[in-house]
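Model the placement of chains V, D and Y on the given structure of chain C, informed by the hints.
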Amino acid sequence: MDLTKDYKTEFMTNEGLQNLISNWIPDLEFTEEGSQFLNITVKPDQLYQLMSQLKTNNEANFDYLFCLSGVDWGKELGVVYHLESTTHRHTIVVKVKTEDRENPTFDTVSDIWFTADFHEREVFDFFGIIFNNHPNLKRLFLTEDWDGFPLRKDYVDEINMVIK
Amino acid sequence: MDTNIANSNLKSEDYFINMGPQHPATHGVLRLLLTIDGEIIKKVEPDLGYIHRSIEKMCERDSYQQIVHLTDRMDYLSSHINNEAVCLTVENALEIEVPERVKVIRTIIGELTRLASHQLWWGVMGMDVGALTTYFYGFRDRELINDIFEETCGARLTMNYNIPGGLMFDIHPNFVKRTKDFIAHFKTKLPEYDRLLTGNVIFQKRMKGVGILTKEDAISFGATGPVGRGSGFSCDVRKHHPYSALDKVTFKETLRTEGDSLARYEVRIQEMWESMSIIEQLIDNIPEGDFKVATNAVIKLPKGEFYQKVETARGELGVYVVSTGTKNPYRLKFRSPGFSNLSLLNHIAVGGKIGDLVASMATLDIVVPDIDR
Amino acid sequence: MNITLSITKNIHNWLFSIMPEGIASIAEMVLIAVVYLAIFAVAGLYLVLLERKVAAWFQLRIGPNRVGYWGLLQTMADALKLVSKELTGTVKADKFLYNLAPYFVIVTALMALAVFPFTQEFQAFDINIGVLFLLAISSIGVIGILLGGWSSNNKFALIGAMRSGVQTISYELSVGLSILTMVLISGSLQLSEIVEVQKNGWLIVQGHIPAVIAFMIFMIAGTAETNRAPFDLVEAESELGAGFHTEYSGMKFAYFFLAEFINMFIIAAIGTTLFFGGWLSPFGITESIPWLGVFWFVGKTLILVFLMMWFRWTFPRLRIDQLLTLEWKYLLPLNLLNIVLMALIVWLNLTIQF
Amino acid sequence: MSYFGNIYRGIKTLLTGMSVTGKYFLTSRKGAITQQYPDNRDTLKMFDRFRGEVVMPHDEVNEHRCTGCQKCEIACPNGSIEIIWDRQVDPETGKKKKMIDQHIYHLGMCTMCGLCIEACPTDAIKWAQNFENSVYDRSYLTKVLNKPGSKVKAGIED
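Chains as they are written, first to last, in my numbering: chain C, 293 to 456; chain V, -14 to 358; chain D, 2 to 355; chain Y, 11 to 168.
Hints listed in this document are in silico derivations from the structure and should not be mistaken for laboratory results.
Any given hint could be a false lead.
[What the hints assert, rightly or not] The list that follows gives simulated cross-link-like pairs (lysine to aspartate or glutamate, EDC-like), each with its CA atoms no further than 20 Å apart:
| id | chain 1 | residue 1 | chain 2 | residue 2 |
| --- | --- | --- | --- | --- |
| 1 | Y | LYS163 | Y | ASP52 |
| 2 | V | LYS28 | V | GLU(-2) |
| 3 | C | LYS347 | V | GLU177 |
| 4 | Y | LYS40 | V | GLU128 |
| 5 | D | LYS156 | V | GLU24 |
| 6 | V | LYS312 | Y | GLU83 |
| 7 | C | LYS445 | V | GLU24 |
| 8 | C | LYS367 | V | GLU45 |
| 9 | V | LYS224 | C | GLU394 |
| 10 | Y | LYS22 | V | GLU177 |
So that you can see chain C by itself, here it is in the shape it has in the complex:
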């Protein structure tokens, strides 16, 4: 097996990626403002379609999900996916947001990238974001009976949290 093959670059610039991806799904938001990567904001119902295309499309081939973080933007809750292609070595950031703070729900990507299994459980644990079709969505770090979602901005725990 030729291991150096990994280094062959069919690297795509951010514009190239933008052109490619915007053909798949209409009304995606692209921005590079305030970030070193190309950011795509996608609507929750289109998330799964976009993600599976990012993985399977040969030109994009984002096969490595290196970071999955939940973010509480104050009004909205969302998830940020950092993707890299191990063959082409380009990077992209996908964001998905919802204003529904009571019952935020996105589709799982754990069947596309196995690593998302644990990461989505972590996000569920700390942000209360529910992932549809996740195989084992339950609390990961906290106990089952924990009240609230600690990393949300409106979480209060006057006993254990020291506010400076």
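Chains V, D and Y in isolation, oriented as in the chain C frame:
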């Protein structure tokens, strides 16, 4: 045989075993729920959170200088590299160029940290497969590195030597000599590691073909560091996204294609040689200059999002900062290598024996505080 | 009951002169049992100390050095501590079997000691089926381990106990067959006679190639029989915590622990008796001083014990299937071949005699 | 024949391993790496930069260098430092000046990060190399760094 039992009317239950949170092989407070059939593992479910301190939430309250020391407590065996990750994030966001001297020193200490971490791993690895003596040989050599750290940084484990903008203080006058002495010493000891453990027929039998992870699965599980490279996933951040002085040195990224426990083991042994080579290339020409650049007393990152990845001894550590322009990060996420590496434990352990689970878990080199951030 | 206890003629005669025969023989047996118990409880403790010191020297450490000069009283202190500790147990344990198990282990270990000829006169029990007796006794010990693991109502202990059953039953074959190989050349099952035969040269020399092979198999299988590393799957610290004795504490744990070391001594003693001439001195250099036989016996035994310690502190542990592979695919076929080879050598008179 | 070859190679690797440990066994007298603490307390010297605990050096006339600027208190990530201060009249200049009453240091909360010492503009606090910090009660770990009756050295301004 199995189907006969399943189809019979006999009432049968799964045999559950709680491995941990206090167990010699789980290296800390990791709890594994094992479902076993005799000696064969049917399912492994990690139960985490026994020492979760919510470092990410604490970071949202701390200033950028203060965040650095919290990262010591994540993966305490690569504390210097963790510190470096936060400092690099801040420096890149503020567009500060740190002096060459700082970059070189950071790289040297980073590689020493990697060496120390791998030495400890080697000792514990031997212990997990039942050879208790390795532990002491590993620690004997690690002690020398710890002395170097203690003399220069003031602490042996949680060093907190980096600050945004450089280093807390200059290296100790003895640093160069001690490091060279250590390299000379360790070059004679590392072959001994091979003779004692690697070549041993029992060890080879225990490791070969155990806990196999294919390259596709490694990428999909986000397995980085020696775990990913043992499966042929070229994931060395030092190679692909060089930081500090790593673009000035030549080293080989160790890749193996077998993906079994032995491959992961040998990648780490090889990495120790590479780390020593990196240190040797840098130690004689540490450039003169300042050890830090002045930063504002209150560091405010511009509005935006920043991502920085570094290669710790365990794999790729990512720092994802969302800043709103205040002196605290709005959201800070650590993508820790141990977390992703642990998630594949079930995948590689199912179908093996209990002994295989312990052996492959040892080659994942899990540090629990890194997972329970 | 007409068993010859030949430890010292004087005491024997004295006892029989002051008491009726039946009481005297019982008194003599009790006396000898007490003496053996005292000697080997202390000897076992010092074996533990030796193990700890040897381990320390292998591992660049100093070892116990606080209690007494050079740490000599360390294991005594440990034993005192263990005696004074609370005996804990699980609620749902099978109390009777749980309490019985440690005695099985320690009693069988001490019983086996009775038949060894430490020197010409120093042998409690010179029966003509000594080797067979040893094999029979040593296979009872595993019942104690199985009982302990089963009755503790602990899952780790159960796995450890089951492993122990598998392991001991398999390796007993090899121990037995390698001893049988030596019986072929010595022509007797009586241990004192086996030693007598070796006055013409130790059996490992007399039997040369097959004897060396038998010795190697015996050492491997013997290490496995005593559940010591690299065959310590029964305890397997990094896998099962403490294995079959997870739930034992205090003195009951101490019995298991002591039995392990006495068993190690027994295996080494069998090795000494069968291969290295027992209490005979090399080339008969101290033949004129009979009591020095004890020195030679213990010295040779300790060398073999040290070898087993060396194994333990160097090798990783085998996995359970590899353990069985080693026994059934390597040791057993080799052993059978070896017996044939030995038989041929004895038949064709190719042994080396001085 | 690979059956016997395997046995031969296996035994060879085992003997190689035993030779490594055997060598250390023979040289164990000088090779021991154990530190004989606490027997070696007299000779045990910590490195100069070792972070044991934060202290405030006082000179022979019981004067320290702390002006009470509270920069260390702000820099501390854990709230280990509390400064109780007061505005008092400086006897020399006659002006009102910020003076510390108590510089309280909670060793039990300290993570030895060193940010307070970095932050101090007057080098009033520094690391001490004492590492034997265990006490019988947690409250002993709360220390007042400035000695009773001490005052700030003349001429030190932040």
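Outcome of the hint check:
For the given pair, Y:LYS163 sits about 34 Å from Y:ASP52 by alpha-carbon distance, which is inconsistent with the 20 Å threshold. Proximity of V:LYS28 to V:GLU(-2) is assessed by CA-CA distance (about 14 Å); at most 20 Å being required, the pair is judged to hold. Restraint check for C:LYS347 and V:GLU177: the C-alpha separation of about 45 Å exceeds 20 Å, so the hint is violated. At roughly 17 Å between alpha-carbon atoms, Y:LYS40 and V:GLU128 fall within 20 Å of each other, so this suggested pair holds.
Annotation: proposed proximity of D:LYS156 to V:GLU24 holds, straight-line Cα distance about 12 Å (limit 20 Å). For the given pair, V:LYS312 sits about 17 Å from Y:GLU83 by alpha-carbon distance, which is consistent with the 20 Å threshold. Distance restraint check for C:LYS445 and V:GLU24: the Cα-Cα separation of roughly 47 Å exceeds the 20 Å cut-off, and the hinted pair is therefore not satisfied. Pair hint C:LYS367 plus V:GLU45 holds up; C-alpha atoms about 17 Å apart against a cutoff of 20 Å.
Pair hint V:LYS224 plus C:GLU394 does not hold up; C-alpha atoms about 44 Å apart against a cutoff of 20 Å. With a CA separation close to 15 Å, the supplied pair Y:LYS22 and V:GLU177 stays within the 20 Å bound.
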